[in-house]
Amino acid sequence: MFNATVSWHDIVFMLRGAGMTLMLTFWSVLGGTVLGTVFGVLRASAPGWPSAAVGALFDVFRSIPLLIQIILANAFAPMVGLDISAFAVACVVLAIYGAAYCTEIVRAGVLAVPQATRRAARSLGMSWWDDLIAIVFPIALRVGLPGWIGLALGLMKDSSLVLWIGVIELLRSSQIVVTRTQEPLLVLAIAGAIYFAISFPIGRAGAWLERRWQDQ
Amino acid sequence: MIEIEDVHKSFGALEVLKGVSLTVSRGEVVSVIGGSGSGKSTLLMCVNGLEPINSGRVLVDGTDVHARGTNLNQLRRKIGIVFQQWNSFPHLTVLENVMLAPRKVLKKSRAEAEATAVEKLVHVGLRDKLTAYPSKLSGGQQQRMAIARALAMSPDYMLFDEVTSALDPQLVGEVLDTMRLLSSEGMTMVVVTHEIRFARDVSHRVAFVREGLIHEIGPPEQVIANPQRAETIAFLKSVR
Amino acid sequence: MVNYSFHWRPVFEALPDMLWGCLVTIEIAVLSTAIGIVFGVALALARTSGGKIASGFALSWIEFGRNTPGLFQIYLAYFGLGSFGLHLNSYAALTAGIAFNNASYLAETFRGGLRAIPVTQTRAARSLGMSAPEAFRLVVLPQLFRVVYYPITNQMIFSVLMTALGLTVGLDTDLAGVTQRFNVLTYRTFEYFTVAAVLYYLIAKVLMLAARLAAWRLFRY
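Residue numbers (our numbering), protein chains in the order written: chain A, 12 to 227; chain B, 2 to 241; chain C, 3 to 223.
For reference, chain A alone in the conformation it holds in the complex (with noise of 0.2 Å):
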């Protein structure tokens, strides 16, 4: 079944698509985790019409096709001057479609930790930044964790739409390869055992964990 049409050549191309798509991952969930953290800190502990400001804000760009997201800001970085590569404008809407989910884990995180907890770490002395880091976060992380990692790994798949506005990614070389060998089904397989590969093994590694964080 192997053919010789698809080389290690292009085994390899597809291999640095893919390599194109953990960085694209890589930075929109940094940025996503770092705004998220920032806005879902914000909104569970600033209740009122900041906070329902800025879940609506984030509720229209979980609200809207990501691919649509993409395209209106590819189109809008020319308008305002912004000559920025292709690859800045996907990693920058990934970035606030992550934030956009990651606002609500990470509210739903720092709402899981009790009241009482909160204020016996504060009538201790603590102040409201060591609280926050001493006792908020390892207890909102673990509530938190099992829904990142599954936003972490969306954010993976959805990179492959960034092929739209000409970012090689895995799933656009897989393409070219495929318009090159002419061999879809085969090609495709093993772009489906590339992504396949590395999520797989986080998905499991955050199940594990999050079983074991629960045996505790």
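Don't take every hint at face value.
[Said to hold, decoys possible] Not the full set, but computed from the structure, chain B residues with beta-carbon under 10 Å of chain C:
#1 F12
#2 A14
#3 R58
#4 A147
#5 L160
#6 L214
[What the hints assert, rightly or not] Derived lysine to any residue pairs resembling SDA-like cross-links, with alpha carbons at most 20 Å apart:
#7 K105/B to A134/C
#8 K137/B to S133/C
#9 K238/B to R201/B
#10 K109/B to L93/B
#11 K109/B to R78/B
#12 K19/B to R58/B
#13 K79/B to R128/C
#14 K108/B to V119/B
#15 K105/B to S133/C
#16 K137/B to Y223/C
[Unchecked claim] Footprint (simulated), chain C over chain B, 3 or more residues, beta carbon under 8 Å:
#17 18 to 24
#18 96 to 106
In short, the hints are calculated from the structure, not lab data.
Cβ atoms here follow ideal geometry from the backbone N, Cα and C, with glycine treated the same way.
Given the coordinates of chain A, work out where chains B and C should sit on it, guided by the hints.
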């Protein structure tokens, strides 16, 4: 008549019933008392076939409950059971809860089933809760609904599995009163309970179960007021 | 700041076509969710009560669907099935891809839903003399419906967003496709896709509202 003959039952390696024999005649009220893990609830579930047995026989009006050819669905129409957790069907109103089995199992018409249901619900004191959903009822009310639900099938026997153990103390009385009413009407009842006073007042016989065996059985004047076996004495002292 | 002159009028003239596109979008979403439910239930049953082969097959489907991108699955339907002689047009490939994806996620929803209903409910129903199928149909299924309702409606709204991927396989009748058709004619990308974005947002919100209203009528308890 319910005849339990030398029933053994194990859950895996743990033997829970080690040869229990008991006969319950029509019109009798038999209370079963004992500590947790003594096997009393398991015994009840073996009577209507919810739990299989390892050896022995359970006969209800001559039918072997655990025989291969027995139609359990049909048999269960004769045996009503009320559990510790009332198990209300949350998606149905109180009236619909009680009507469901008469309609689907006894194939009664809607009007007939409704009339029966209303009658039973009034009987247990839930006249003004007919259209409410179980989630709006207290535990005691849901338990009485469970009793009405079982009664709507016109069973010959009623089994009660610690039906007041999960209730707040102030709700226990209303359920016990309902059970008293049933017994005064001549219903055959097997009542697994922690309520010793109830057992003493209402039963014809009381059975004390410990570690999978009936250690003592007899009228309440004997078993509760004047126990013969050391284990019975010890148990009654521990719950006083 | 912005060296661009906005031309909104052509977009508003294209609005009727875009609104028709919205209908196609919703149609694909509903269809792919319905198919996803059917296969999702089958997969859940295969996982819980199937034999080794059925359970293994279901597990492979679910893990494959959850660990690869939705776009990849759509590509597989559009480009990959051709190797088996099955040539799907873009509408069919998009619907099939989204349905496959939906089934993978809904299978877990149904499995969890079944687990959420206490076995004591079945026990109470059987004690009243109901047969096993009757107990399942009359007592378990209605409660299951309540438990899976919002996951399913959320999955459907997510499917609406996923239909935009039809662009990559050349679909031009749904909202994104119609918008793109006008885009390549006029290159007013920003204006057209902004209106499309607004329409997607509205569809998502209306569907969520409809779901809440329906739930209020269906689940009075």
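We went through each hint and held it up to the structure:
A cut of 10 Å between beta carbons decides the hint on F12/B: the least distance to chain C is about 15 Å, and the hint is violated. Because the smallest distance between the Cβ of A14/B and any Cβ of chain C comes to about 22 Å, over 10 Å, the interface hint for this residue is violated. Taken as an interface hint, R58/B does not check out: its beta carbon lies about 21 Å from the nearest beta carbon of chain C, beyond 10 Å. A cut of 10 Å between beta carbons decides the hint on A147/B: the least distance to chain C is about 8 Å, and the hint holds.
Evaluation of the L160/B hint against chain C yields a held restraint, the C-beta minimum of about 9 Å falling below 10 Å. At a threshold of 10 Å, the smallest CB-CB gap from L214/B to chain C is about 26 Å, leaving the interface hint violated. Between K105/B and A134/C the alpha-carbon distance is near 13 Å, which keeps this suggested pair within the 20 Å criterion. Simply put, K137/B and S133/C have alpha-carbon atoms about 29 Å apart, too far for the 20 Å limit, and the pair is violated.
With a CA separation close to 15 Å, the supplied pair K238/B and R201/B stays within the 20 Å bound. Proposed proximity of K109/B and L93/B is supported: the alpha carbons are some 18 Å apart, at most 20 Å. With a CA separation close to 13 Å, the supplied pair K109/B and R78/B stays within the 20 Å bound. Using a Cα cut-off of 20 Å, the hinted pair K19/B and R58/B holds, with the two alpha carbons roughly 13 Å apart.
In summary, the hint linking K79/B to R128/C is supported, as the alpha carbons are separated by about 13 Å, within the 20 Å threshold. Distance check on the hinted pair: K108/B and V119/B sit about 17 Å apart at the alpha-carbon level, within 20 Å; holds. A threshold of 20 Å between alpha carbons decides the hint, and for K105/B with S133/C the separation of about 10 Å falls inside it, so the pair holds. Note on K137/B and Y223/C: the hinted pairing holds, with a Cα-Cα distance of about 9 Å set against a maximum of 20 Å.
With 0 residues having a beta carbon nearer than 8 Å to a beta carbon of chain C, the region 18 to 24 of chain B misses the requirement of three or more and the stated coverage is violated. Taking a C-beta to C-beta cut-off of 8 Å, the region 96 to 106 of chain B contributes 4 residues in contact with chain C, enough for the three needed, and the coverage statement holds.
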